[in-house]
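Go ahead and model the full structure; you've got the sequences and the hints to work with.
Protein chains: 2
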Amino acid sequence: MTAYTATVTVRLKRGVLDPEADTTQKTLERLGFELSDLRSADQFEVDLDAESADAAAERADEMAQRLLANPTLHDYDVVVEEQGV
Amino acid sequence: MTAYTATVTVRLKRGVLDPEADTTQKTLERLGFELSDLRSADQFEVDLDAESADAAAERADEMAQRLLANPTLHDYDVVVEEQGV
Numbered sequence: 000m001t002a003y004t005a006t007v008t009v010r011l012k013r014g015v016l017d018p019e020a021d022t023t024q025k026t027l028e029r030l031g032f033e034l035s036d037l038r039s040a041d042q043f044e045v046d047l048d049a050e051s052a053d054a055a056a057e058r059a060d061e062m063a064q065r066l067l068a069n070p071t072l073h074d075y076d077v078v079v080e081e082q083g084v
Numbered sequence: 000m001t002a003y004t005a006t007v008t009v010r011l012k013r014g015v016l017d018p019e020a021d022t023t024q025k026t027l028e029r030l031g032f033e034l035s036d037l038r039s040a041d042q043f044e045v046d047l048d049a050e051s052a053d054a055a056a057e058r059a060d061e062m063a064q065r066l067l068a069n070p071t072l073h074d075y076d077v078v079v080e081e082q083g084v
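Residue numbers (numbering that gives the first Met the number 0), protein chains in the order written: chain A, 0 to 84; chain B, 0 to 84.
Hints are computed from structural coordinates only; laboratory data are not their basis. Computed from a prediction, not measured in an experiment: that's the story for all the values here.
One copy or any two copies: either way a pair holds, since identical chains are not told apart in the list.
Straight-line distance between alpha carbons at most 20 Å, and here's what the computed EDC-like set of lysine to aspartate or glutamate pairs gives:
1. K12 x E61
2. K25 x D36
3. K25 x D46
4. K12 x D41
5. K12 x D60
6. K12 x D36
7. K12 x D74
8. K12 x D76
Written out as structure tokens, the structure reads:
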């Protein structure tokens, strides 16, 4: 078994309103920053032991489907790295 | 000017309690998943026009310092990519 870190990034699907991101963008603009768009996402870094990077990715994918993401609202992606490399 | 996307990832510093991440981890374990740790982070994807990738990174860094991160609680990193590449 090898120790991996799976990073699951959960984003709102295009077209889903994100008032928090809108407020953050407006506040940055009020502070004088110029930007054309701002999107927010949640990221989960999961440490887990698995036989292979593929097995770790599969388990993280299942975690996203079961709990971390809501398929109606969210898209997600999973990136796996071996720990300490 | 070139269009860039700056991704600012804001994490709690080591040692700062994160009850939401703890609850997420416990819920995953209750669902039968084995994991050794889970950390959560906020990610902001900022679209902006700048003269260079360095200039875009500098501005995103300033946004993190002014608004997106709280230096007492958070560490952050900034990754800049040219749009549409």
